[in-house]
Amino acid sequence: MTRITVTPNPFTLVPYDVGEITALVEEAAALAGLPPGVDIDLTVDEELFAPLTGHMSDVVDGRVVLWISGGNFEDNRRPCHFSADQARVDLAVMMLRANDRLSDDFAAAPPDAELSRGERAAWDTYAVGRARALGIDVRRPRQLYDFRLQHGFTDVADAAFDRCWEARSITWDGIREICKETGATDRAPSKVPVDLLRQK
Amino acid sequence: MKKMLPESELARDERFVRTKIEDRIFDPRGPKIAQRNTGPARMGVDRPAAGERSRSLMHGIFVGEIQALEGAGRTCYDFDDDTAPFQLKLDMARQCWDESRHCEISVKLGDHMGTEIGEYTESTFLFAAACNPDPVFRLCGVNRALEGLAIDVFSSMKEFGNESGDPILEFCEDWMLADEVTHVKMGSDWLRRLTETDPDRRERALEFQRTVDAIFNLGGFRGEDDENPIQLARDFRRLAGFSDDENDSLAALARESTEQAREMAAMATAALDASAQGS
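Which chain is which? The protein sequence lines are A and B, in order. Counting with my numbering, you get residues 102 to 301 for the letters of the first sequence. Counting with my numbering, you get residues 641 to 919 for the letters of the second sequence.
Some hints here could point you the wrong way.
Unchecked claim - Just the calculated beta-carbon pair ranges, DEER-fashion: (1) ARG104/A <-> PRO668/B: 28 to 36 Å; (2) VAL139/A <-> ARG895/B: 49 to 57 Å; (3) SER204/A <-> ASN677/B: 28 to 36 Å; (4) ARG655/B <-> ALA124/A: 24 to 32 Å; (5) PRO111/A <-> ARG664/B: 18 to 26 Å; (6) GLY236/A <-> THR851/B: 46 to 54 Å; (7) ARG895/B <-> LYS301/A: 36 to 44 Å; (8) PRO242/A <-> ALA910/B: 42 to 50 Å.
It is worth saying that the hints were derived from the structure and are not from the lab. From the three backbone atoms N, C-alpha and C, an ideal C-beta is built for every residue, glycine too.
Model the full structure from these sequences, guided by the hints.
In structure tokens, the structure reads:
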């Protein structure tokens, strides 16, 4: 039996409903094929609004530990309002990445706060491509732009994007290989911590 | 056809959702975020949520272009030839042509970044500056203040395109930037010509421009530091005819706006905290 914890409970700055979010987490976990019995802790930072978006998926002591900006759940067309459609996309991607972490293929991957922006963009693309294959309504050009920002606006980067997008099985070593290929590995380390939005 | 169209009557299809600036100002999350370090506001690939922030700004530019087109179009029509000379209207017609092209470029840039028309809300306070009943005030508010802001925005976006290695963004912004320089010059020329014998009217029009400039600094939106997403483009402003004194005074105004925003955020946070403790 999987235990799902959503924090905060209740929300005080935005009218998000913990019950609705819990149900969506459950749905995403099932879609991603998360093994039963793995507990899930989701923290939503309700102070953050769009476009200050971002999310992280880690596994700590066998538990799936998720963090997401409240902006990811916000309806862009109705500020402060929850968008179930948007939440469904992001939770699916987060859960697919968490499931990757539970497998041997990604056992060597560092926590999300230690990933380079290039590694994260490649892994996200792999996850968003799979979410699409599972029937989630995602937008390819959006992911392509985010990938290009970290891997370059080049034919090599676009070919690498296609491979991540179409792949049904990549390992952590495969992600690192892609970063070498596009030159993302050679970029200077980010001056801004990748988990800055998570820090209060 | 109706003259002096209010912003509430702008025509939009069902894709567009209008928002009021007060909604953002009174959002309880605003003061909380203002107290947090969310990274450099200046555009860059390694700032948090770089892609999403760029898409959101791009959509803002797109709706701004629509309103600039509507504003210039209204100036062609709202005044008789005694109030606004025919040559001025020809300049505004040429500006309509430019703004239409900018709308199309912005839509394509939105596609390039992965966003869609209407994905974000539209605020129409840009068009509001184009509703002044005096054409000289309107030129100062729109062609000098707002098109001046457009120079800063396009210059910042062009730099972002350059830094991220995005040739499409860099190229498109560069072309639009060139048009904005021309639009500001047209505003400056007509301001001088229409107020040649009326220094008082010129001063009042410039005061209106300063008010619009202050509004569009938006509590730190524009400035010369990393905490300002849009950077003051002094060189391009000089090309457009702004004097160094005008640029200095705008920079000072921007610093003042940033400081005011910081103080207001601190006050709002204190008020929210006090209210939370009391409840």
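Tested hints:
Range check, ARG104/A to PRO668/B: about 31 Å between beta-carbon atoms, so the 28 to 36 Å window is met. Distance hint check: the CB atoms of VAL139/A and ARG895/B are about 52 Å apart, consistent with the given range 49 to 57 Å. Separated by about 35 Å at the C-beta atoms, SER204/A and ASN677/B satisfy the suggested range of 28 to 36 Å. Here the CB-CB span from ARG655/B to ALA124/A is close to 30 Å, well matched to the stated 24 to 32 Å.
In this structure, PRO111/A and ARG664/B meet the distance hint of 18 to 26 Å, their C-beta atoms being roughly 24 Å apart. Between GLY236/A and THR851/B the Cβ separation comes to about 52 Å, which falls inside the hinted range of 46 to 54 Å. Taking the beta carbon of each, ARG895/B and LYS301/A are about 27 Å apart, not inside 36 to 44 Å as hinted. Evaluation of the 42 to 50 Å hint for PRO242/A and ALA910/B yields a pass: the beta carbon distance comes to about 43 Å.
When each numbered hint is compared with the structure, a violation occurs for hint 7 only.
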